[in-house]
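J.: Starting from the known structure of chain F, arrange chain U on it as the hints suggest.
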Amino acid sequence: MSMVLENVTKLIGNECHINDISLQLEPGTFNIFLGRTLSGKTTLMRLMAGLDKPTKGRILMDGQDLTRVSVRKRDVAMVYQQFINYPSMTVYKNIASPLRLAKVSAAEIDRKVREVAEMLHIEALLNRLPVELSGGQQQRTAIARALVKDAELLLLDEPLVNLDYKLREELRVEMSEIFKRRKSIVVYATTEPVEALALGGNTAVLHEGGLEQFGSTIEVYQHPQTTRIAQAFSDPAMNFVAGKIEANNLHLNGTSPAPLQGHLSTLKPGNYQFGMRANHLKLKRESAAEIEFQTTIDLSEISGSETYLYVIHDDRIWVIQQQGVHLHQMGEQTKVYIDPAKLYIFDVNDHLVCAPSGDPSELKQRVR
Amino acid sequence: MNKWEDNKAWFLVIPVFLIVAVSAIIPLMTVVNYSIQDIFGPDNRIFVGIEWYQEALSDHRLHAAFQRQLLFSGLVLLIEIPLGILIALTMPKRGWGASLSLVLVALPLLIPWNVIGTIWIIFMRPDIGLLGSAINGLGIPFDHTAASLDAWVTVMLMEVWHWTPLVVLMAYAGLQAIPEAYFQAARIDGASAWSVFRYIQLPKMRGVLTIAILLRFMDSFLIYAEPFVLTGGGPGNSTTFLSIYLVKQAVGQFDLGPASAFSIIYFLIVLLACWIFYQALLKVGTGDKQ
Numbered sequence: 116m117s118m119v120l121e122n123v124t125k126l127i128g129n130e131c132h133i134n135d136i137s138l139q140l141e142p143g144t145f146n147i148f149l150g151r152t153l154s155g156k157t158t159l160m161r162l163m164a165g166l167d168k169p170t171k172g173r174i175l176m177d178g179q180d181l182t183r184v185s186v187r188k189r190d191v192a193m194v195y196q197q198f199i200n201y202p203s204m205t206v207y208k209n210i211a212s213p214l215r216l217a218k219v220s221a222a223e224i225d226r227k228v229r230e231v232a233e234m235l236h237i238e239a240l241l242n243r244l245p246v247e248l249s250g251g252q253q254q255r256t257a258i259a260r261a262l263v264k265d266a267e268l269l270l271l272d273e274p275l276v277n278l279d280y281k282l283r284e285e286l287r288v289e290m291s292e293i294f295k296r297r298k299s300i301v302v303y304a305t306t307e308p309v310e311a312l313a314l315g316g317n318t319a320v321l322h323e324g325g326l327e328q329f330g331s332t333i334e335v336y337q338h339p340q341t342t343r344i345a346q347a348f349s350d351p352a353m354n355f356v357a358g359k360i361e362a363n364n365l366h367l368n369g370t371s372p373a374p375l376q377g378h379l380s381t382l383k384p385g386n387y388q389f390g391m392r393a394n395h396l397k398l399k400r401e402s403a404a405e406i407e408f409q410t411t412i413d414l415s416e417i418s419g420s421e422t423y424l425y426v427i428h429d430d431r432i433w434v435i436q437q438q439g440v441h442l443h444q445m446g447e448q449t450k451v452y453i454d455p456a457k458l459y460i461f462d463v464n465d466h467l468v469c470a471p472s473g474d475p476s477e478l479k480q481r482v483r
Numbered sequence: 011m012n013k014w015e016d017n018k019a020w021f022l023v024i025p026v027f028l029i030v031a032v033s034a035i036i037p038l039m040t041v042v043n044y045s046i047q048d049i050f051g052p053d054n055r056i057f058v059g060i061e062w063y064q065e066a067l068s069d070h071r072l073h074a075a076f077q078r079q080l081l082f083s084g085l086v087l088l089i090e091i092p093l094g095i096l097i098a099l100t101m102p103k104r105g106w107g108a109s110l111s112l113v114l115v116a117l118p119l120l121i122p123w124n125v126i127g128t129i130w131i132i133f134m135r136p137d138i139g140l141l142g143s144a145i146n147g148l149g150i151p152f153d154h155t156a157a158s159l160d161a162w163v164t165v166m167l168m169e170v171w172h173w174t175p176l177v178v179l180m181a182y183a184g185l186q187a188i189p190e191a192y193f194q195a196a197r198i199d200g201a202s203a204w205s206v207f208r209y210i211q212l213p214k215m216r217g218v219l220t221i222a223i224l225l226r227f228m229d230s231f232l233i234y235a236e237p238f239v240l241t242g243g244g245p246g247n248s249t250t251f252l253s254i255y256l257v258k259q260a261v262g263q264f265d266l267g268p269a270s271a272f273s274i275i276y277f278l279i280v281l282l283a284c285w286i287f288y289q290a291l292l293k294v295g296t297g298d299k300q
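Line by line, the protein sequences give chains F and U. Each residue of the first sequence is one higher than the one before, counting from 116 in the numbering used here. Each residue of the second sequence is one higher than the one before, counting from 11 in the numbering used here.
These aren't lab readings, by the way, just hints derived from the structure by calculation. Every value quoted in this text rests on a predicted model; they were computed, and no experiment measured them. All residues carry an ideal CB built from backbone N, CA and C; glycine is no exception. There may be inaccurate statements among the hints.
As the list claims (entries may be wrong) - Sample of chain F residues lacking proximity to chain U, with all beta carbon distances greater than 12 Å (derived):
#1 139
#2 190
#3 200
#4 203
#5 317
#6 355
#7 383
#8 395
#9 438
Unchecked claim - Pair ranges (Cβ atoms, derived):
#10 F/188 <-> U/105: 24 to 34 Å
#11 U/96 <-> F/139: 25 to 35 Å
#12 F/216 <-> U/163: 37 to 47 Å
With the rest of the complex left out, here is chain U:
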């Protein structure tokens, strides 16, 4: 039978193809197009090849932003994943307590990003902010608009407060999916709480945790809203992460060519990092052989 005989299937694929083309492929190709040209105006552009890429890769400010970004995302994962699991483990499994804690935990996820920024700016203000003035009251000088470390701590707190709930929800869902019989079997074996976690809960959560780690890595690597609202990347360049730097370059200086080249590099880094993460996570927990 000729496999081209029935072409109706193509009509079913075309809508998806169009949506992906408009939403992803065409914009991406536009960026690729910009990244190899020097643009002075709509009709005045020069082909420059890979010059912008070379420039971006040798930009020491970009290197600094990249290192800052890696450190930030690493810390985010180190804090949010264990914290999320811990909170999920302590949440009640059923009854009204379960519903209540789920709603409470999910609250930060429901708040728009600019509102979160405003909340934290006020919360951390050294003069009237609840936490800011409390820390200063303890005799520790704290001002996120002046000290780099303070700005870092604030952005980190915002990120952890905002996004740990996502990890909690995913870990909680993973825990709820474990049949009760596993815990019974462990009790009959006389296994300790740690063994139950290590050999039942953690392996059973592997799937959702893989997704949680990937999502949190990707999202935190692309962080923009929090430092933008808080200090716009300052003080100095201390919270200028990759996307802040990119926007400064593209919108602030309107250097479309270099910004496009940078975007492509940024995109490839995220893609590569996610792939490495994913491959690594697939291996973890399955290699426990004799």
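Pulled out of the complex, with its shape left as it was, chain F reads as follows:
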């Protein structure tokens, strides 16, 4: 039951909201739509659900054209950013509502409702009304309502964004467990790279209504095809420095030449852009191979147990993610170091030339 989008385009007025997207999603997979606000995630989901019709292109389910089929006749479930439940129905009736409309027998409804409620740990709340629940419990109810339907396509549109971060992490962990056992095509929209990494599966990076890259989440993270994808799939954003390869040496702007090693040794001479993740930039030298930059501190920001240090190098602002809480003096000069083995190399046209070889342990650390 794979779902295929063929050159799907959506124009609203003269504005292009979805630009020529082709995508194939397999059953039993977990797919993430990653992109900023207004990148087209919700619009694309609405098209997939059948709430809107694409201006151009086709949507196929298992080879069958569904483009013009109304949402009522499709097998879809959806969870929203807002906590959407029927206000006058109890949790039980809310979860049961899709089954009732599908004319399932009462005994079967009861069994399924209790099974799903247990899965989402709301079995004790079945007799409550939505207003008597916390935000997290309301969203659990909404997710249960979507799950109980056992639809071919399950769409989750930033379901955790309105929850506080503790609840978000808790529910995220549970959800990735629950979805592993599903046969449906699950699509999950998010703006947060960290969330995409935590959930795994496949990731489609969307930007201004276009599909930038689609592949397994780790693959996309480790091999972002363009600087834009690298920016989108990086939190904080990736830092860039211009440079060139000349006479078997690496010349990054404002640094002394360094010998080519590891993945860099395959590069041909020429101009490149070098991407550095915020957590790879260090304030202390850890090995002799590291490249040293002279920078000026612009701003420092403490978030949780980490410090985000903004420094200026060669008229560009970089972000350094530093473990622990540190105080920095604005305007002070500081040296910043990076291991050349961690550099992402893009050509002058913003396309990936070569990425550092992946280190799964490092990924886990990013995920937290």
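T.: Positioned in the frame of chain F, the structure of chain U alone reads:
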């Protein structure tokens, strides 16, 4: 810490207290004072205790006015609330159509009460009134100054025409506040239009409808302007509602004592009725448990 240490807060409360005292408490107490005395002149008054209250409660004309009033307010609610919701549901949600329909619906609310009376008197006249003569032209005799039923129908029409827009505006505001995602979710579930109304729109409008019902009940229970302008409570006593009867007694006969006692009773009835309504409405729609 001594909670009386900082007394500045009292200065902030005093203005409100004074305004409420002058606008509500003092007039009310004056009425209470009148209601237990027989007043012949400024210096000639006799304390009569609860005599006026006993008299008012056993006044059969008052009973009749009370029953008339209950029937009227009940009918008003039965017509205006469903009609208001229906109109609100059919109004466009956005665009210029929404602004236009809002202005059109709100028009009756902007017209002064005595002008409304005049408009309807002319509109319903059997000889030259547009509606009055049309009904007579159909062969149905209609004259609000002569037939009780016709007078009732006219007052009811005036009330519905004048005040349904308030219900419409409130219901419309309630509907506009429902996030679009609810309707999407219902479409995905395959819910019918009736289910959407019953399980999303109606429960989501509960708050504003509670206020609308309370306001319309209170207002219609205190109705004065429409029957006063139309027939002054006639023909006979057929449109003599409580406030008309009260004014006839207080101003017409200058019986300040009985009228005051009656006012207090009237006030308590409205208060009690609103409280009962409010309690009932709080329970409706929340008791849908397994």
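J.: Are any of the numbered hints broken by this structure? If so, which, sorted upward?
T.: 2, 3, 4 and 11
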